[in-house]
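S.K.: Take a look at the letters that make up each chain.
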Amino acid sequence: MNIAVCLKQVPGTTKVEIDPQTNTLVRQGIENIVNPFDTYALEEGVRLRERYGGKVTAISMGPPQAEAILRDALATGADEAVLLSDAAFAGADTWATAYTLSRAVDKLGPCDIVICGRQTIDGDTGQVGPELAEILGFTFVSYVSQVEEIDGEHMRLKRLMGERYEILEALLPAVITVVKEINTPRLPSLRGMAKAKSATIPVWGAEELEVDGNKIGLTGSATRVIKVFFPQRTQRAEILEGELPGQVDYLIDRLREANLI
Amino acid sequence: MEYFLSEQQREIKSLARRIAEERILPVRAELDENEEFPWAITKDMADSDMFRVFIPEEYEGLGGGSLELCLVMEELSRVCSGVALGYAATALGSYSLVEYGTEEQKKKYLPLIASGEKLTAFALTESTAGSDATNIKTTAVPEDGNYIINGTKQFITNGGDAELYTVVALTHPEKGIRGASTFLVEKDTPGFSFGKKEKKMGVRASSTRELVFRNCSVPRENMIGREGMGFPIVMRLLDRSRPGVGAQSVGIAQGALEAAVDYARERVQFEHPIIALQAVQQMLADMAIGVEAARLLVYGVARTIDSGAKSYTEESAMAKVFASDMAMRVTTDAVQVMGGAGYMRDYPVEKMMRDAKITQIYEGSNQTLRTAIAFELRKRKGRRE
Ligand SMILES: Cc1cc2nc3c(=O)[nH]c(=O)nc-3n(C[C@H](O)[C@H](O)[C@@H](O)COP(=O)(O)OP(=O)(O)OC[C@H]3O[C@@H](n4cnc5c(N)ncnc54)[C@H](O)[C@@H]3O)c2cc1C
Ligand SMILES: Cc1cc2nc3c(=O)[nH]c(=O)nc-3n(C[C@H](O)[C@H](O)[C@H](O)COP(=O)(O)OP(=O)(O)OC[C@H]3O[C@@H](n4cnc5c(N)ncnc54)[C@H](O)[C@@H]3O)c2cc1C
Chain H
1 MNIAVCLKQV PGTTKVEIDP QTNTLVRQGI ENIVNPFDTY ALEEGVRLRE RYGGKVTAIS
61 MGPPQAEAIL RDALATGADE AVLLSDAAFA GADTWATAYT LSRAVDKLGP CDIVICGRQT
121 IDGDTGQVGP ELAEILGFTF VSYVSQVEEI DGEHMRLKRL MGERYEILEA LLPAVITVVK
181 EINTPRLPSL RGMAKAKSAT IPVWGAEELE VDGNKIGLTG SATRVIKVFF PQRTQRAEIL
241 EGELPGQVDY LIDRLREANL I
Chain Z
1 MEYFLSEQQR EIKSLARRIA EERILPVRAE LDENEEFPWA ITKDMADSDM FRVFIPEEYE
61 GLGGGSLELC LVMEELSRVC SGVALGYAAT ALGSYSLVEY GTEEQKKKYL PLIASGEKLT
121 AFALTESTAG SDATNIKTTA VPEDGNYIIN GTKQFITNGG DAELYTVVAL THPEKGIRGA
181 STFLVEKDTP GFSFGKKEKK MGVRASSTRE LVFRNCSVPR ENMIGREGMG FPIVMRLLDR
241 SRPGVGAQSV GIAQGALEAA VDYARERVQF EHPIIALQAV QQMLADMAIG VEAARLLVYG
301 VARTIDSGAK SYTEESAMAK VFASDMAMRV TTDAVQVMGG AGYMRDYPVE KMMRDAKITQ
361 IYEGSNQTLR TAIAFELRKR KGRRE
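Which chain is which? The protein sequence lines are H and Z, in order. For the first sequence, the numbering used here assigns the number 1 to the initial residue and increments by one for each residue that follows. For the second sequence, the numbering used here assigns the number 1 to the initial residue and increments by one for each residue that follows.
Treat the hints with care, since some could be wrong.
[Stated by the list, open to error] Okay, derived cross-link-like pairs now, DSSO-like style, lysine-lysine, Cα gap no bigger than 30 angstroms in a straight line:
{"hint": "1", "chain 1": "Z", "residue 1": "K13", "chain 2": "Z", "residue 2": "K175"}
{"hint": "2", "chain 1": "Z", "residue 1": "K13", "chain 2": "Z", "residue 2": "K108"}
{"hint": "3", "chain 1": "Z", "residue 1": "K106", "chain 2": "H", "residue 2": "K195"}
{"hint": "4", "chain 1": "H", "residue 1": "K180", "chain 2": "Z", "residue 2": "K197"}
{"hint": "5", "chain 1": "Z", "residue 1": "K196", "chain 2": "Z", "residue 2": "K137"}
{"hint": "6", "chain 1": "Z", "residue 1": "K118", "chain 2": "Z", "residue 2": "K107"}
{"hint": "7", "chain 1": "Z", "residue 1": "K43", "chain 2": "Z", "residue 2": "K137"}
{"hint": "8", "chain 1": "Z", "residue 1": "K175", "chain 2": "Z", "residue 2": "K118"}
{"hint": "9", "chain 1": "Z", "residue 1": "K175", "chain 2": "H", "residue 2": "K195"}
{"hint": "10", "chain 1": "Z", "residue 1": "K357", "chain 2": "Z", "residue 2": "K199"}
{"hint": "11", "chain 1": "Z", "residue 1": "K197", "chain 2": "H", "residue 2": "K197"}
{"hint": "12", "chain 1": "Z", "residue 1": "K106", "chain 2": "Z", "residue 2": "K13"}
{"hint": "13", "chain 1": "Z", "residue 1": "K137", "chain 2": "Z", "residue 2": "K381"}
{"hint": "14", "chain 1": "Z", "residue 1": "K106", "chain 2": "H", "residue 2": "K158"}
{"hint": "15", "chain 1": "Z", "residue 1": "K118", "chain 2": "Z", "residue 2": "K108"}
{"hint": "16", "chain 1": "H", "residue 1": "K195", "chain 2": "Z", "residue 2": "K196"}
{"hint": "17", "chain 1": "H", "residue 1": "K55", "chain 2": "Z", "residue 2": "K196"}
{"hint": "18", "chain 1": "Z", "residue 1": "K379", "chain 2": "H", "residue 2": "K195"}
{"hint": "19", "chain 1": "Z", "residue 1": "K137", "chain 2": "H", "residue 2": "K195"}
{"hint": "20", "chain 1": "H", "residue 1": "K55", "chain 2": "H", "residue 2": "K158"}
{"hint": "21", "chain 1": "Z", "residue 1": "K137", "chain 2": "Z", "residue 2": "K13"}
{"hint": "22", "chain 1": "Z", "residue 1": "K187", "chain 2": "Z", "residue 2": "K200"}
{"hint": "23", "chain 1": "H", "residue 1": "K197", "chain 2": "Z", "residue 2": "K43"}
{"hint": "24", "chain 1": "H", "residue 1": "K227", "chain 2": "H", "residue 2": "K55"}
{"hint": "25", "chain 1": "H", "residue 1": "K55", "chain 2": "Z", "residue 2": "K357"}
{"hint": "26", "chain 1": "H", "residue 1": "K180", "chain 2": "Z", "residue 2": "K43"}
{"hint": "27", "chain 1": "H", "residue 1": "K197", "chain 2": "Z", "residue 2": "K107"}
{"hint": "28", "chain 1": "Z", "residue 1": "K197", "chain 2": "Z", "residue 2": "K137"}
{"hint": "29", "chain 1": "Z", "residue 1": "K43", "chain 2": "Z", "residue 2": "K379"}
{"hint": "30", "chain 1": "Z", "residue 1": "K13", "chain 2": "H", "residue 2": "K195"}
{"hint": "31", "chain 1": "Z", "residue 1": "K175", "chain 2": "Z", "residue 2": "K187"}
{"hint": "32", "chain 1": "Z", "residue 1": "K200", "chain 2": "Z", "residue 2": "K310"}
{"hint": "33", "chain 1": "H", "residue 1": "K197", "chain 2": "H", "residue 2": "K215"}
{"hint": "34", "chain 1": "Z", "residue 1": "K118", "chain 2": "H", "residue 2": "K197"}
{"hint": "35", "chain 1": "Z", "residue 1": "K379", "chain 2": "Z", "residue 2": "K107"}
{"hint": "36", "chain 1": "H", "residue 1": "K55", "chain 2": "Z", "residue 2": "K175"}
[As the list claims (entries may be wrong)] Chain Z is nowhere near these chain H residues, computed Cβ spacing over 12 angstroms in every case:
{"hint": "37", "residue": "I30"}
{"hint": "38", "residue": "A199"}
{"hint": "39", "residue": "V203"}
Hints listed in this document are in silico derivations from the structure and should not be mistaken for laboratory results. We put the CB at the ideal spot given by N, CA and C, even for glycine.
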């Protein structure tokens with residue numbers, strides 16, 4: 001079974017700040033981590049390999065520093081890793097990202113399952129997984145909380161839907177996105193760390209992936225992030241004073257003004 | 001402090017810390033309360049290759065020495081020395097094979113220990129033989145190419161939970177301790193059973209049981225080392241493992257120191273955090289000095305062993321005695337610094353104080369080890385090069 005796991009490098013959770021002047025993420029001095037949901041994706045990939053044999057390849061698109069999360073992936077059970085990195089990939093929206101990832105999955109050769117996290121903690125869209133399935137022409141199942149069984153062409157999955165679970169059977173090849181409930185990611189192993197340290201991680205750019213230049217990076221992005229901001233908390237309290245009937249009249253006027261009644 | 005650790009040693013230490021903080025800390029109080037064997041954590045440690053640390057590379061290990069083992073022990077013990085003890089007992093139980101096993105024995109068993117599939121134990125103590133280990137009564141009488149073991153071992157760590165046991169028994173009872181030999185006994189061998197699990201003051205996440213042998217037949221191939229060499233073998237293995245108890249003590253004390261400092265910074269009395277009180281400062285400073293001094297002694301002795309030194313009875317006793325006495329004092333003071341809160345189970349230091357006590361007792365009580373140190377001192381007239 002050939003399994004690809006998609007991992008994104010994101011700024012460490014608690015410390016993210018937005019520069020109010022430029023509306024961009026303040027990335028200086030911020031430690032980068034693997035998107036937490038993606039660790040569950042990797043763990044599930046490794047567990048499936050342990051159950052059914054095969055190979056797990058970790059893929060990340062990002063700047064050269066993103067190699068760090070791929071080394072961690074190798075230390076934590078991935079067999080191989082590739083970094084998709086090229087100045088031309090910069091500024092990609094979810095569609096351009098999914099397209100680029102799809103080219104890498106193609107280049108890796110026959111693939112049975114692609115596993116993604118349910119969403120990232122920075123972009124937060126949850127769109128890359130489904131878009132990737134669409135581009136690859138694979139079956140797509142989101143919010144998977146358990147892979148019950150894989151036999152030949154099908155897999156039986158449990159999907160977490162708010163208050164209920166769904167049991168689905170999906171045709172392979174498939175892209176799935178996973179939720180936290182699916183497993184407890186293992187810690188790295190000392191042998192894995194040694195292997196990861198000496199591993200060469202190939203870097204594939206636009207040329208290696210033979211991408212259509214109009215579909216990648218900022219050029220290929222239909223979406224532009226124009227502004228990122230924290231929602232302003234605009235709650236204000238007004239304490240009414242004076243005689244009760246006067247207060248009521250005033251309150252009704254205010255509510256009318258605000259088009260609330 | 002610069003401890004001059006290699007890159008690999010740092011990695012081992014930091015991964016052990018992650019296991020301790022991410023996997024042990026959340027369940028530490030529960031394991032202590034319920035005296036539960038930490039199977040899930042054992043699996044995590046195995047997956048992270050912690051059991052490979054002390055096994056040679058030829059047998060699927062990482063070939064670490066005493067220092068590497070000490071680093072793991074220290075980090076695990078900083079959070080829970082009970083979990084650490086189960087790990088250390090497996091290391092001690094496998095040293096017999098590493099040091100004295102035949103090629104076949106090593107090939108057969110060490111990879112299974114390295115992968116964490118089989119835990120081990122080391123069984124010397126009996127009701128008549130504690131500090132006086134020469135007074136063991138368990139026999140292993142030769143019969144048709146096998147040895148028939150009879151007797152009872154007591155206070156055996158990992159007893160009942162381990163799969164492989166290093167057992168010392170008299171093959172020639174008439175020769176006394178000179179007739180002792182060492183055996184590897186597998187858990188499911190007929191005639192081998194376990195007594196009840198002991199209820200303990202501390203290190204409650206470790207299991208301690210009696211091993212009962214009733215006409216338990218063990219094949220000759222399971223003898224470790226030469227016949228009659230049982231006693232010198234176990235004495236040497238204990239010399240080798242004592243810095244591990246030292247590291248356990250350092251870890252316990254480090255954990256207690258951290259808890260005490262955190263608390264003293266937060267706790268306000270007489271309008272100031274109590275860490276502003278000189279009386280508290282003096283205590284904390286002495287605690288920190290003790291931890292650091294013990295750590296350096298333990299690392300130093302571990303390095304001495306790893307350098308290939310021939311004899312290190314005295315040094316390894318020193319590391320164990322000094323660190324364990326320090327841990328008892330530091331944990332007691334940590335409870336003192338934290339006052340009533342320190343005495344309560346909601347805080348970790350009362351457990352650390354209970355746990356610290358055992359480090360002064362096992363692998364040679366501190367009294368008997370001081371006697372051993374004095375014996376060496378007398379031989380070398382107290383001189384050092
Ligand atoms: C604050 C912010 C807001 C944004 N808003 C939008 C927006 O509204 N629309 C839009 O099109 N773009 C948006 N982007 C850009 C978007 O984050 C990235 O362009 C896109 O690369 C990944 O989308 P995502 O982070 O939302 O991933 P998601 O779709 O949330 O990620 C799902 C999964 O896909 C995989 N994955 C995602 N990115 C990568 C990668 N680079 N390498 C490997 N695997 C990956 C992971 O498994 C991940 O768990 C935004 C970016 C930021 C920082
Ligand atoms: C939790 C736990 C785990 C253990 N795990 C193992 C294990 O895995 N394998 C194993 O073989 N054993 C194990 N032991 C046994 C342990 O090693 C012994 O308890 C220890 O050696 C002390 O022996 P004792 O308990 O019989 O005490 P005793 O020997 O009866 O000692 C009682 C007191 O007398 C003092 N004393 C005795 N002789 C002398 C002397 N010559 N000079 C000065 N003082 C002396 C001692 O210091 C002590 O204070 C374990 C014990 C415990 C409590």
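S.K.: Would you mind marking each hint as holding or not holding in the structure?
M.R.: Verification of the hints:
| no. | hint | verdict |
| --- | --- | --- |
| 1 | K13(Z) with K175(Z) | violated (45 angstroms) |
| 2 | K13(Z) with K108(Z) | holds (29 angstroms) |
| 3 | K106(Z) with K195(H) | holds (25 angstroms) |
| 4 | K180(H) with K197(Z) | violated (37 angstroms) |
| 5 | K196(Z) with K137(Z) | holds (20 angstroms) |
| 6 | K118(Z) with K107(Z) | holds (14 angstroms) |
| 7 | K43(Z) with K137(Z) | violated (36 angstroms) |
| 8 | K175(Z) with K118(Z) | violated (34 angstroms) |
| 9 | K175(Z) with K195(H) | violated (52 angstroms) |
| 10 | K357(Z) with K199(Z) | holds (15 angstroms) |
| 11 | K197(Z) with K197(H) | violated (44 angstroms) |
| 12 | K106(Z) with K13(Z) | holds (26 angstroms) |
| 13 | K137(Z) with K381(Z) | violated (36 angstroms) |
| 14 | K106(Z) with K158(H) | violated (45 angstroms) |
| 15 | K118(Z) with K108(Z) | holds (12 angstroms) |
| 16 | K195(H) with K196(Z) | violated (44 angstroms) |
| 17 | K55(H) with K196(Z) | violated (46 angstroms) |
| 18 | K379(Z) with K195(H) | violated (49 angstroms) |
| 19 | K137(Z) with K195(H) | violated (49 angstroms) |
| 20 | K55(H) with K158(H) | holds (23 angstroms) |
| 21 | K137(Z) with K13(Z) | violated (41 angstroms) |
| 22 | K187(Z) with K200(Z) | holds (23 angstroms) |
| 23 | K197(H) with K43(Z) | holds (24 angstroms) |
| 24 | K227(H) with K55(H) | violated (41 angstroms) |
| 25 | K55(H) with K357(Z) | violated (49 angstroms) |
| 26 | K180(H) with K43(Z) | holds (20 angstroms) |
| 27 | K197(H) with K107(Z) | holds (28 angstroms) |
| 28 | K197(Z) with K137(Z) | holds (22 angstroms) |
| 29 | K43(Z) with K379(Z) | violated (46 angstroms) |
| 30 | K13(Z) with K195(H) | holds (18 angstroms) |
| 31 | K175(Z) with K187(Z) | holds (28 angstroms) |
| 32 | K200(Z) with K310(Z) | violated (36 angstroms) |
| 33 | K197(H) with K215(H) | violated (34 angstroms) |
| 34 | K118(Z) with K197(H) | holds (29 angstroms) |
| 35 | K379(Z) with K107(Z) | violated (40 angstroms) |
| 36 | K55(H) with K175(Z) | violated (60 angstroms) |
| 37 | I30 | holds (21 angstroms) |
| 38 | A199 | holds (15 angstroms) |
| 39 | V203 | holds (25 angstroms) |
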